[in-house]
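J.: Same order as they appear, the protein sequences are chains Y and G. Sequential numbering from 1 applies to the first sequence in this note's numbering. Sequential numbering from 1001 applies to the second sequence in this note's numbering.
The hints are simulated quantities; they were obtained by calculation from the structure and are not laboratory data. Incorrect hints may appear among the rest.
Listed below are the simulated DSS-like cross-link pairs for lysine-lysine, each with C-alpha atoms no more than 27 Å apart in a straight line [unchecked claim]:
(1) 202(Y) / 83(Y)
(2) 271(Y) / 1761(G)
(3) 1449(G) / 283(Y)
(4) 1771(G) / 254(Y)
(5) 43(Y) / 254(Y)
(6) 1031(G) / 1446(G)
(7) 1485(G) / 1520(G)
(8) 244(Y) / 1454(G)
(9) 1130(G) / 43(Y)
(10) 244(Y) / 1771(G)
(11) 1114(G) / 1161(G)
(12) 1620(G) / 1729(G)
(13) 1317(G) / 1395(G)
(14) 1437(G) / 1656(G)
(15) 1130(G) / 47(Y)
(16) 251(Y) / 1771(G)
(17) 271(Y) / 1771(G)
(18) 1149(G) / 1115(G)
(19) 1161(G) / 1115(G)
(20) 1179(G) / 1625(G)
(21) 1555(G) / 1485(G)
(22) 1437(G) / 1031(G)
(23) 1698(G) / 1149(G)
(24) 1031(G) / 1729(G)
(25) 1130(G) / 1280(G)
(26) 1130(G) / 48(Y)
(27) 1454(G) / 271(Y)
(28) 271(Y) / 1449(G)
(29) 1625(G) / 1317(G)
(30) 43(Y) / 1599(G)
(31) 43(Y) / 69(Y)
(32) 283(Y) / 1454(G)
(33) 271(Y) / 254(Y)
(34) 244(Y) / 1449(G)
(35) 1761(G) / 1317(G)
(36) 1571(G) / 1599(G)
(37) 1011(G) / 1022(G)
Each chain, letter by letter, is given below.
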Amino acid sequence: MIPEIEYHRFSRLEDALRFLSENPDSKIIAGGTDLLVQLRARKINVKKLVDIYNIGELRYISEDSGEVKIGALTTIEELKNSKIVEKYVQPLHIASRSFATWQVRNIATIGGNLCNASPAADTAPPLIVAGARLRLKSIRRERIVPIEEFFRGPGQTILNPDEVLVEVNIPKHSGQWFFNFMKLGRRVSHILSIVNVAVAVKLDGGRIEDVKIALGSVAPTPIRAKSVEEYLKNREATLENIEKSSLEVVKDIKPISDVRASAEYRIEMSKVMVKRCLREALKL
Amino acid sequence: MSSITYLESQKDEYRILDQWLKAREYVYVGKDVKRIDALDKVTGRARYVEDFLVEGLTYARIVKSDIPHGVIEWIRPGRAVEHPDFIALVTCEDIPGLNQVGYYIPDQPALAEKKVRFHGEPVALIVSSKPDSLEELRNLVEVEIKPLKAVYDPLEALKDKVLVHEEHGSNIVLRTKVKKGDVSKALENTDYVVENVYKTGYQEHAYLEPEGALAIPMDGGMTIILPAQYPHLAQSIIARVLGYPQSKIRIIQPVIGGGFGGKDDMGPIIGAQAAIAAYKVRRPVLLVYTREDSFTSHCKRDPAYIRYKSGANRDGKLTFVDVEIIFDAGAYANRGPFTLWRATAHATGPYEVPNVDVRGILVYTNKVYQGSFRGFGNPQVQFAAERQMDELADKIGIDPLEFRLKNILRIGSRISTDQVLEDSVGVGEALVRVAEKCGWFEKRKKYGKIVDGKARGIGLACAWHGISTSRGVPDWCNAYINVSKDGSVSIYTGIVEIGQGTHTGLIQIAAEALGIPVEKINLIGGTTDAPDTGATHGSRGLSFGGVAILLAASKIREKVQKVASRIFECKPEDVEIRDGWVFEKIKPEKRISWEEAVKRCYAEGEELSATGYFFMPKGKFDEEKGQGFAYIVFSYMVSAVEVEVDLETGLTRILKVWPAICAGKIVNPKLAVTQIHGATVQGIGYTLMEEVVIEDGKIVNTNYTDYLIPTISDIPEIDEPIFVEDYFKFGPMGAKGLAEMALIPIPAAITNAIKHAVGVKPSEIPYTPEKLYRDLLRRMRE
Ligand SMILES: Cc1cc2nc3c(=O)[nH]c(=O)nc-3n(C[C@H](O)[C@H](O)[C@H](O)COP(=O)(O)OP(=O)(O)OC[C@H]3O[C@@H](n4cnc5c(N)ncnc54)[C@H](O)[C@@H]3O)c2cc1C
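My request is simple: use the sequences and hints to build the entire structure.
T.: So this is what it looks like as structure tokens:
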């Protein structure tokens, strides 16, 4: 079913990076839950596979005073079971709970979810509102980019062929922050999102001091809902304001029609999900 | 009026069935006997078609048309011949016999000839020495097809501007008709009339195991290990294609990963394709459809377009039903003539309707063809009929349950075809009991109010389903039983185990009739080595397959009784056989073992093998008048469903289902429950999410990412089913058909509940969240 491919497995990051730099025609495989599906459907053509799944040094969740660090090979199930993620990266934790099924979560990695760059990737909106930065590494250099600059389009990122995403950094938030994540699909579980939303809201008393909202599946990449954020900033956190703000989301999104939903439905559902996600975050 | 013809030659059989029916108390029947295949399946020892490794095996895959309608210019292996694994390219020119796999109408080739009629139609087979290179090889094959204009919409196809089969002269395959009384006169005198158009979509069988066949040329013929649902049908079609006598074709069933009707149709087709390839390469060929091939190229539940008009008077009595049913056959008629007839006969729902006019049209389009699927044409029309009942009840202003009870079929009722129901009609009782259990009246009052953007609703629907073939179409069953010298018993039946558990139920029936423990019995099923038993479809496997086994076993029982009566010096009918012991009823302490009795039979010249042929009594249907005998008996189903609708998203959550079934004697309650669960879930998928999306004739969602079936988290609690055991005189111990039933009322039950919750009037399934959302918007605007 899957065409013949040269297969290389590494257990040290450095070896993988070196191989990648010498073989720009190769493709990284982590958990393979996206890649193998694409290979089988012949959506992509690959000559060499570089399996990084055994590189133990890329699988960790740690924290210091200012940041949470997640290795790119951390599985979604590990995110779900992590106390650190639960405490400091709440929207990611919520997203990991409704992610695929136990079998898939056990092998799917956070790095794969981001690098696959699906507009529907469930870890992207949570990481966007959490202000995550991504550490990309090649044999020659290392760079750190804000996650919002990472995605270029469906299946496209700023990664060079010799680069590996090695770590996700998430700042710890101080002050009165409220987070949430929600996903709408056509059935209860095990489903690609029609729209997914993450929110981060900082309150100063009853006033919204800061807010970040991100959506997936409603544009070529996961996106910020800046119009909604603008509307909410410095307003009172009331149900009415939230409802009004959610209507602004149409200015931020560019959904398409496909087998999963029409663009019109996605627009309407974006409003509903932004509203609900905020409401639930703020317990209104 | 209709009268049933009973056969003089079957008098003995009628007597035996009657005896068992009257016994009413059973040792094995009615018990939760554990499935005989359970252990093998959970331990992974079960062998599916792909698990048979035979010497010299080669592998095949279908090469498909990527054009929905066109003329084949040429098919060439192209660069595939250069590949080291390439063995052969097989086209229609390699077929030694007739290139014809049509079921009723001879319109379907095993491999396309001259023309292709749907996107995904098999035009050739590529054979390889290795399974891994199949995909590469099939992409190298060169197929040149000159496109023709295509037609996809059945209403458009009716205009005959594009002909799918020129030689037929029209896209209309055939018409059906059921007529009673005078509808136009009734219309004039009716207080309330409702008219609606209902639409239903394709449904994919979505079995875990896609289609497969392993054809092995041997013994001067062909043996095919084949997941099929009627081995003798596969045998006859494969024989026709190979130009062999039927007796040279041997069909053996492997363990099968789901059928649902799909493998009834696909078994013979894929079996024929594999056999053609094996004939050409003179080696065993394993042909398996990939999941994508299964999506694009195997038959599906027929989409329907139904115009439904019906009326009732102030007193709540139905006055007439006037229906036009258009079934989209797709590219080939396949079972369409029969699904459509079934829909036509059942269009009234299980109600007494004095005036009936139902007209069916089966029409060709350039899409994947229709096929058998649990419910067989009936779910489409029961959706319309039962939605319509709620709309009518609404208009009259009475409760939908009360409205149904006023019209429900009872013993002595005349159905749509004017046939009188003589016995076995439990649906009225089922309705009452379901309503009681689900708290009907209270919830109808309480629900339907919006609380925090959500609303609950409760709805119900009935279904009826004729058992056995319709009209005068012959239907029979048979089995062969042999008792070995050691007293163990072999049963040969054509009934196929497709996951439903029937083989276990059949063994229970044999154990009952012979009076021996189930462990002593071995069943060899799903093979042409058994006598022609008919198909495992139409909910007939356990009931009809069981009749044959009951008859054969009873004949053997009578032999043993005769021999034992000589020992006990009593009358044969006073000999009892139970739990492996043979004794005189009044003196149970003086007993001999079953094994001993068997030894005596062998010694004293009593044959201990028997067949159990039974021909189902049939009547006559007048196709001209649209009246007469429809089915020998009906099974009935009632399901109530409670839903919660999210008004902002259009998502429907099913909270609970209350099923009640009237399938006569329940042979194995646990098996019955699993069938009710499975069918309910399949019904939920059909109603809310399963949608084959076709663009320019091409199915675009050929995977489970985008063809959605329910997962375990979509499944509600399903209440313990109510069994109304309305015994059927020609069933084993009174059993009727069961396995299809629970799917049939689900579409209307769910959509009626949605209507109750939020007031929309669903007229189309799948009723996806987006459709519900749109209907809600429309309603708000109105
Ligand atoms: C049944 C099923 C259900 C699913 N459900 C969901 C769901 O609910 N939500 C959701 O968002 N997704 C879902 N997915 C998609 C998929 O599981 C996730 O996107 C997953 O996180 C991908 O991770 P992986 O390790 O398997 O990636 P892989 O398939 O190994 O890789 C994906 C892509 O990323 C690249 N890549 C991987 N790791 C790196 C790295 N460290 N550096 C650079 N490039 C890299 C690969 O080259 C490839 O292009 C589902 C998939 C399946 C099969």
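J.: Provide an ascending list of the numbers of those earlier hints which the structure does not satisfy.
T.: 6, 30 and 31
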